[in-house]
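Model the full assembly from the supplied sequences, consistent with the hints where possible.
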Amino acid sequence: MTGFAVFTSVSALSTLPVSDPFAPLFVSNALLGLFDWFLQVVVGGVFSWLAGVTGLQFLSYPYMQRAYLSVLCIGIVGPLVGSFLVYRDLSMVGDTLAHTAFTGVAAALFLDATLALAVPPLVGALVVAILAALLVQVLVEYTGARSDAALAMVLTGGFGLGSVLISLTDGGISVGINQYLFGSLATVSRADVGLLVSMGLVVVVAVSVAYRPLLYVTFDETAARASRVHVGAVNTLLSVLTAFVVVSAMRIMGVILVAALLVIPVVTASRLGRSYKHSLLYGVLAGEIAGVAGVTLAYLYGLAAGGSIVLVAIAGFVVIQLGLRIR
Numbered sequence: 001m002t003g004f005a006v007f008t009s010v011s012a013l014s015t016l017p018v019s020d021p022f023a024p025l026f027v028s029n030a031l032l033g034l035f036d037w038f039l040q041v042v043v044g045g046v047f048s049w050l051a052g053v054t055g056l057q058f059l060s061y062p063y064m065q066r067a068y069l070s071v072l073c074i075g076i077v078g079p080l081v082g083s084f085l086v087y088r089d090l091s092m093v094g095d096t097l098a099h100t101a102f103t104g105v106a107a108a109l110f111l112d113a114t115l116a117l118a119v120p121p122l123v124g125a126l127v128v129a130i131l132a133a134l135l136v137q138v139l140v141e142y143t144g145a146r147s148d149a150a151l152a153m154v155l156t157g158g159f160g161l162g163s164v165l166i167s168l169t170d171g172g173i174s175v176g177i178n179q180y181l182f183g184s185l186a187t188v189s190r191a192d193v194g195l196l197v198s199m200g201l202v203v204v205v206a207v208s209v210a211y212r213p214l215l216y217v218t219f220d221e222t223a224a225r226a227s228r229v230h231v232g233a234v235n236t237l238l239s240v241l242t243a244f245v246v247v248s249a250m251r252i253m254g255v256i257l258v259a260a261l262l263v264i265p266v267v268t269a270s271r272l273g274r275s276y277k278h279s280l281l282y283g284v285l286a287g288e289i290a291g292v293a294g295v296t297l298a299y300l301y302g303l304a305a306g307g308s309i310v311l312v313a314i315a316g317f318v319v320i321q322l323g324l325r326i327r
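Going by my numbering, the first residue of the sequence shown is number 1, and it counts up by one from there.
Quick caveat, the hints were computed from the structure, so don't treat them as lab data.
Note that beta-carbon positions come from the ideal geometry of N, C-alpha and C, so glycine has one too.
Where hints are given, some of them may not hold.
What follows is a set of in silico ranges between Cβ atoms, one per label pair, in the way DEER data are often shown [as the list claims (entries may be wrong)]: (1) E141 x G45: 46 to 56 Å; (2) Q40 x L300: 21 to 31 Å; (3) E221 x R327: 47 to 57 Å; (4) T236 x Q321: 33 to 43 Å; (5) A113 x R212: 44 to 54 Å.
Written out as structure tokens, the structure reads:
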């Protein structure tokens, strides 16, 4: 396709009516049109070619292409952020933020049901998850609470608040909540993929820029403080990035399982690399394999996508451990 043809395609797409709830997240209709072109022409073209080569026709279905693109992004950002959590013994941060993000979804649906105030559920989830991450940090730094106790308090408190919001509508929003609790392949929309890709880019750029401070604080926080590294700012950044990963993965993984790709691929790769960077790369590879294999099995056998991805990730961990012991 020539440059002029690409420009014409993008311009035409940018004039399409915008009905997605996440359209405000894009800077302009031109960017939305560019993403549409990427999704339809680039991603669609690659997967259609794969469908022709492999004979797997489901690879040509648009909703499966969106699902695969989503898990490919999750497979990168999950281990990328999760590695800093696992090596700091903060593996439960992802689970805590996932359960509090559930409250954000419930709050958004509650406002829509009671006040007719249309708040996109994932936007509500992101706001609440970030606030929960900051609250955990405040509890640890200013109340003297242990990190595991602070995480438990925020997790249970957040999930409890979400349950109360559901009960206030006599369970009327519970149907809408289910897809966020357990995830779904069929309901992954263009807007969801756009949000995930946008968040994924933010996470990758942020980790690349702040890699050295993150690494320093992860392995020797005391020395980092002595070297005048702003530990509080680094911790805040890590918490916010974790919230981004958790919320972006909710639509496929679901609240209950979303933390799995923050932890399992990292643990799987922890004994494979000769350095932290090598382990990080192996973790991303393990996350990608688990995501792609899990989505494929979910489609072929009618399984829950999140559960399939988690079980494949655990199977990978078991295989690696057995292989290391045999060797």
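Results for each hint:
1. E141 x G45: 46 to 56 Å: Given about 50 Å between the Cβ atoms, the range holds.
2. Q40 x L300: 21 to 31 Å: Holds, since Q40 and L300 (Cβ atoms, about 25 Å apart) stay within the stated range.
3. E221 x R327: 47 to 57 Å: The hinted range 47 to 57 Å is violated for E221 and R327, with Cβ atoms some 34 Å apart.
4. T236 x Q321: 33 to 43 Å: holds (35 Å)
5. A113 x R212: 44 to 54 Å: Because 47 Å falls inside the window, the suggested range holds.
Against the hints set out earlier in the document, a violation occurs for number 3 only.
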